[in-house]
Amino acid sequence: MIVDRYYYTQLNKQEQAVYKAFYNGLMAHEDVIPIPIKGQLSKEVFNKIFRAMTRDNPLIYYVNQSACNWATDAFGHTAICPQYFYSRETVRKYNRNIENAVNNLAAQLRLTEGTDYEKEVRVHDWFCKNVKYDFKGADMDEPARVVLSHNIVGVFAKQKAQCEGIAKAVKVLLNAVDIKCIVATGEAEASGKKEHHAWNVIDIDGSPYQVDVTWDIGASKGRIAYDYFNVTDEIISKTHSFEDEMPKCISLKDNYFERNRLTFRSRSQLIAYITQEIEQGQNKLYFRIDGLFPKLRRSELAGMVAKIAVGGQRRAVKVQQIPNEKVGTYWIRIY
1 MIVDRYYYTQ
11 LNKQEQAVYK
21 AFYNGLMAHE
31 DVIPIPIKGQ
41 LSKEVFNKIF
51 RAMTRDNPLI
61 YYVNQSACNW
71 ATDAFGHTAI
81 CPQYFYSRET
91 VRKYNRNIEN
101 AVNNLAAQLR
111 LTEGTDYEKE
121 VRVHDWFCKN
131 VKYDFKGADM
141 DEPARVVLSH
151 NIVGVFAKQK
161 AQCEGIAKAV
171 KVLLNAVDIK
181 CIVATGEAEA
191 SGKKEHHAWN
201 VIDIDGSPYQ
211 VDVTWDIGAS
221 KGRIAYDYFN
231 VTDEIISKTH
241 SFEDEMPKCI
251 SLKDNYFERN
261 RLTFRSRSQL
271 IAYITQEIEQ
281 GQNKLYFRID
291 GLFPKLRRSE
301 LAGMVAKIAV
311 GGQRRAVKVQ
321 QIPNEKVGTY
331 WIRIY
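FYI, in UniProt numbering the residues of the sequence shown are 1 to 335.
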């Protein structure tokens, strides 16, 4: 297990000192936490440190940020008075359950075996198969559910969470097997609507990649989607914008489609792939068209697949498509 604190490194020295004191106090479940700062602690600085600490340390899931108070005495000494969602005993119980869940998953998914890329794929696939997005996880009429859905307890106890809980749980699992992983936050646009969102930046063999497990869960629908698995800043920025500065993600070396030779940059390459798959009896195709390859109209692609299928002496009764033109991926089923 590694200690992976990207956001801590982005703070100045005074902010880092407050981060450390605040972290130690919260881990001890203290009611009053003295911090090494002279004078007033501004709300802006507090929010910056709190955000950094909770993204670096998903095991701090039991603190109510909006209800934290702080005060400075006549001598300039400042202390934070946190409010906890759960009692010390409840936190201990949850922590034991989380530790057991992580250890069991590490064994089940063989996360001590293989390359970092292979471990990442297993973690990603487990989420896509087992974790559901909690559409009611932002309903303020159910505050307990909101808390669960936005942290790792929702994933490891309920296997249901919103994007923040999912991204933090991905970090916990990958950090447990020594893979660096950052919880990224910002906005994402779907169906013309921008919403606050969380995803990950994951380091594989020294190269960082953008990964949005939540959106791959949403795109799966009975299959495993890799639309947002190890993509570049250029690709993900078509739908996502970052709240903080992140490591530059420019490589596609460990992108799912690149690794599996499923990225096509010409029409002839694509036709050869479709023909080969159909000749081998495959009725499901999943590939990515590189941005340099002009976009195919859906009807044109369906016609191409149907023509090849009929030419291969198969009845193409229906061609179903699930395209993601933002990232250039296409999932096709031939009936």
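Heads up, a few of these hints could be off.
[What the hints assert, rightly or not] Restraint ranges, calculated between C-beta atoms of paired labels, are given here: (1) Ile-322 to Gln-10: 33 to 39 Å; (2) Gln-269 to Ile-2: 56 to 62 Å; (3) Gln-321 to Lys-132: 44 to 50 Å; (4) Ala-107 to Gln-280: 33 to 39 Å; (5) Lys-221 to Ala-272: 23 to 29 Å; (6) Asn-24 to Ile-322: 27 to 33 Å; (7) Ser-241 to Ile-271: 24 to 30 Å; (8) Thr-9 to Gln-321: 40 to 46 Å; (9) Val-45 to Lys-132: 33 to 39 Å.
[To be verified] Straight line, CA to CA, 20 Å or less: simulated PhoX-like cross-link-like pairs of lysine-lysine: (10) Lys-43 to Lys-136; (11) Lys-180 to Lys-158; (12) Lys-284 to Lys-253.
Calculated directly from the structure, the hints in this document are not laboratory data.
Glycine residues also receive a C-beta, built at the ideal position from the N, C-alpha and C atoms.
Hint check results:
no.	hint	in the structure
1	Ile-322 to Gln-10: 33 to 39 Å	holds, 38 Å
2	Gln-269 to Ile-2: 56 to 62 Å	violated, 40 Å
3	Gln-321 to Lys-132: 44 to 50 Å	violated, 24 Å
4	Ala-107 to Gln-280: 33 to 39 Å	holds, 35 Å
5	Lys-221 to Ala-272: 23 to 29 Å	holds, 28 Å
6	Asn-24 to Ile-322: 27 to 33 Å	violated, 48 Å
7	Ser-241 to Ile-271: 24 to 30 Å	violated, 36 Å
8	Thr-9 to Gln-321: 40 to 46 Å	holds, 44 Å
9	Val-45 to Lys-132: 33 to 39 Å	holds, 37 Å
10	Lys-43 to Lys-136	violated, 29 Å
11	Lys-180 to Lys-158	violated, 25 Å
12	Lys-284 to Lys-253	violated, 24 Å
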